[in-house]
Amino acid sequence: MLEDYIRNKQKEKDILLMAHVVMGYPSIEETFELVQTIVEAGVDLMELQIPFSEPIADGPVILQANQAALAGGVRVDDCFRLARKITDAFDIPFLFMTYYNVVFKRGEERFFAETRGAGICGAIVPDIPPEEGESFMAAATANNIDPIFILAPTSSSERINYLARFGRGFFYCVARKGITGAKTDFSSELDEFLARCREATQLPLALGFGVSSKEDVQFLRGKVEIAVVGSQALRLLNTNGTRAVGDFFGKLR
Amino acid sequence: MDKTGYYGIFGGAFIPEILSTTLEQLQLGFQEAKEDPAFWSTYQSLMSTYSCRPTPLTHAENLSRHFGGPQIYLKREDLNHTGAHKLNNVMGQGLLVQRMGKTRVIAETGAGQHGVATATMAAKFGYSCTIYMGEVDVARQRPNVFWMEQLGATVVPVRDGARILKDAINEALRDWSTNMDTTHYVLGTACGPHPYPEMVSYFQSIIGTEVREQILRQSGRAPTRVYACVGGGSNALGVFSGFLDDAEVELVGVEAGGQGLETHKHAARLASEHGSVGVAQGYKTYFLQDDDGQMLETHSVAAGLDYIGVSPILSAYHEEGRIRFEAATDEEVLEATRLVMRKEGIIPALESAHALAGAFREAPEMNADGVVLINLSGRGDKDIFTIADALGDTAWQSFITTKAEEYRA
Chain A
8 MLEDYIRNKQ KEKDILLMAH VVMGYPSIEE TFELVQTIVE AGVDLMELQI
58 PFSEPIADGP VILQANQAAL AGGVRVDDCF RLARKITDAF DIPFLFMTYY
108 NVVFKRGEER FFAETRGAGI CGAIVPDIPP EEGESFMAAA TANNIDPIFI
158 LAPTSSSERI NYLARFGRGF FYCVARKGIT GAKTDFSSEL DEFLARCREA
208 TQLPLALGFG VSSKEDVQFL RGKVEIAVVG SQALRLLNTN GTRAVGDFFG
258 KLR
Chain B
-13 MDKTGYYGIF GGAFIPEILS TTLEQLQLGF QEAKEDPAFW STYQSLMSTY
37 SCRPTPLTHA ENLSRHFGGP QIYLKREDLN HTGAHKLNNV MGQGLLVQRM
87 GKTRVIAETG AGQHGVATAT MAAKFGYSCT IYMGEVDVAR QRPNVFWMEQ
137 LGATVVPVRD GARILKDAIN EALRDWSTNM DTTHYVLGTA CGPHPYPEMV
187 SYFQSIIGTE VREQILRQSG RAPTRVYACV GGGSNALGVF SGFLDDAEVE
237 LVGVEAGGQG LETHKHAARL ASEHGSVGVA QGYKTYFLQD DDGQMLETHS
287 VAAGLDYIGV SPILSAYHEE GRIRFEAATD EEVLEATRLV MRKEGIIPAL
337 ESAHALAGAF REAPEMNADG VVLINLSGRG DKDIFTIADA LGDTAWQSFI
387 TTKAEEYRA
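Chains A and B are the protein sequences, given in the same order.
Here the working numbering is used: the first residue of the first sequence is 8, the next is one more, and so on.
Here the working numbering is used: the first residue of the second sequence is -13, the next is one more, and so on.
Just chain A, with the same shape it has in the complex (with noise of 0.2 Å):
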């Protein structure tokens, strides 16, 4: 299970990278390729995001991902099918991140009995709150599938304390208001919010939203369990190809 890979993971880093892809984009082949240079550099988790037309919770650079993805006719089959392929390769836990509505069409039991049968690990949907997703997290956890919440800082102890009751694996903290890709000032707010996470739950704490640099990830070193890093992968994949996000990864840490 997850929370026992962390775990045991921890005893040889100090602090765990989780890696993002959009899957299809540029195309499926082209996914492949960089989860296995991203694998190579060293990263210890990956999230597999099965694009979707409305991602409302990520900033533009893995919007327009998504949108590219759909739009080279990706379909949810090739994801399965190409997540499949990825796990047969490749020995670290992968995670699917996608939207409710990917789910909720394919119905959630056929969903996660397929992502078993992918041999993913966990799923990260972040508009799907607890109380909207009690069957859900029934059809994830019936399939061995660790359904990931999302903490925030805009959040009363009194939330954070009701979502730990549903975690399972980690919790994926923010690290900021907004969306994914915008740069994020790490500040001293940082350390009360993981304060109050800490408080709230006994599970490893990962944080994305921002993470772009070494620096961050030093910053983050002592605080969280896993560092997520994902817009900044996507930009150098834009600009400079495959090799640059290798070799980001490879010197993140």
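Keep in mind that the hints are not guaranteed to be accurate.
[What the hints assert, rightly or not] Derived lysine-lysine pairs resembling PhoX-like cross-links, with alpha carbons at most 25 Å apart:
| no. | chain 1 | residue 1 | chain 2 | residue 2 |
| --- | --- | --- | --- | --- |
| 1 | A | K184 | A | K230 |
| 2 | B | K110 | B | K88 |
| 3 | B | K88 | B | K20 |
| 4 | A | K230 | A | K16 |
| 5 | B | K251 | A | K112 |
| 6 | A | K184 | B | K251 |
[Unchecked claim] With beta-carbon atoms standing in for the labels, derived distance ranges:
| no. | chain 1 | residue 1 | chain 2 | residue 2 | range |
| --- | --- | --- | --- | --- | --- |
| 7 | A | E165 | B | A109 | 52 to 60 Å |
| 8 | B | E306 | A | R117 | 23 to 31 Å |
| 9 | B | Y393 | A | R117 | 54 to 62 Å |
| 10 | A | E165 | B | Y393 | 58 to 66 Å |
| 11 | B | T168 | A | Q209 | 34 to 42 Å |
| 12 | A | S194 | B | G112 | 47 to 55 Å |
| 13 | B | T168 | A | E199 | 47 to 55 Å |
Please keep in mind that the hints were generated in silico from the structure rather than gathered at the bench.
A virtual CB, placed ideally from N, CA and C, is assigned to each residue, including glycine.
Fit chain B to the known structure of chain A by using the hints.
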């Protein structure tokens, strides 16, 4: 947060965690306002002194005679300030923003009507204002962009996605996720996460309350049928709210049939077989989407109806069978527009002309002692470019050509 804001299986609040506290505060602020008797009277007084409420109910005698069927009445939301029912919702939310102590408002807009209404409200209340508008819509609705900017708003063209209304909503949600401390999102229709569907239909219920009394007084009876166009659904919910409890009053929502349902170039989520239940933009309802849940492109001659989803409240009434849904094609809509201009001296918005087209299709078959009520949700001046093109008016074309040459000189 409880699992609230459901209408049958529709509605809810499917939102990123970052917005949950903000929506909870909005819900609380709205509930408090609703329970404060002074709030509604402040709202009514604002609408009667700043806009033209109560808007009149017009007996369309010539049209009635033309069809030889029931007596036709038009609720004149086109006579609101800024030219449509949109202002009802916007001014209500403006008062709410005042109560919540925020200083900035943002909004999405398709045709530009809601954007103009929001910019107007922001000017009146002294809020700073940003309007998100799909790049495609910016290009085809320049006059509204001009007015929004003159009213002091910043108009941001949205270049992602299909660059239309739905993409403007996504972009407004992203802005809100970043600036919720100072900013209120003035959603323009009865869609989106709870409490928006409830809140927007609450403010629009002013239409139904007024018209119920007006039609009883003027025609001496409750209407046989009530027609309204349906984009997101706010004007329809507004007018229908006056008659939901009268089982004998038939309620008809008219969606955009575009180039015909069989062409798939339409925006009929409920009246066609192409819509299916999904979750996007924060709520569960019928969407025009593919098997994977990806949203499809929609089409309508009326930009304000050109949208993938529909109010969850309307989806619930659709399932219950309380409201019947029909679609009118672009062609029928232009025909209805022409007829109302000639017969009644009223220029309807192309959106509102869908309700007219739906009613005109059925009126000849109806009993002559019946009464038909049509919500004329907005006026058509804004559509001058579209209507002139559709009518192929050559004098207009040469005017535009001459004007363009003047600018080029």
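Hint check results:
{"no.": "1", "hint": "A:K184 x A:K230", "verdict": "holds, 19 Å"}
{"no.": "2", "hint": "B:K110 x B:K88", "verdict": "holds, 15 Å"}
{"no.": "3", "hint": "B:K88 x B:K20", "verdict": "holds, 18 Å"}
{"no.": "4", "hint": "A:K230 x A:K16", "verdict": "holds, 16 Å"}
{"no.": "5", "hint": "B:K251 x A:K112", "verdict": "holds, 22 Å"}
{"no.": "6", "hint": "A:K184 x B:K251", "verdict": "violated, 38 Å"}
{"no.": "7", "hint": "A:E165 x B:A109: 52 to 60 Å", "verdict": "violated, 39 Å"}
{"no.": "8", "hint": "B:E306 x A:R117: 23 to 31 Å", "verdict": "holds, 29 Å"}
{"no.": "9", "hint": "B:Y393 x A:R117: 54 to 62 Å", "verdict": "holds, 58 Å"}
{"no.": "10", "hint": "A:E165 x B:Y393: 58 to 66 Å", "verdict": "holds, 60 Å"}
{"no.": "11", "hint": "B:T168 x A:Q209: 34 to 42 Å", "verdict": "holds, 36 Å"}
{"no.": "12", "hint": "A:S194 x B:G112: 47 to 55 Å", "verdict": "violated, 31 Å"}
{"no.": "13", "hint": "B:T168 x A:E199: 47 to 55 Å", "verdict": "violated, 21 Å"}
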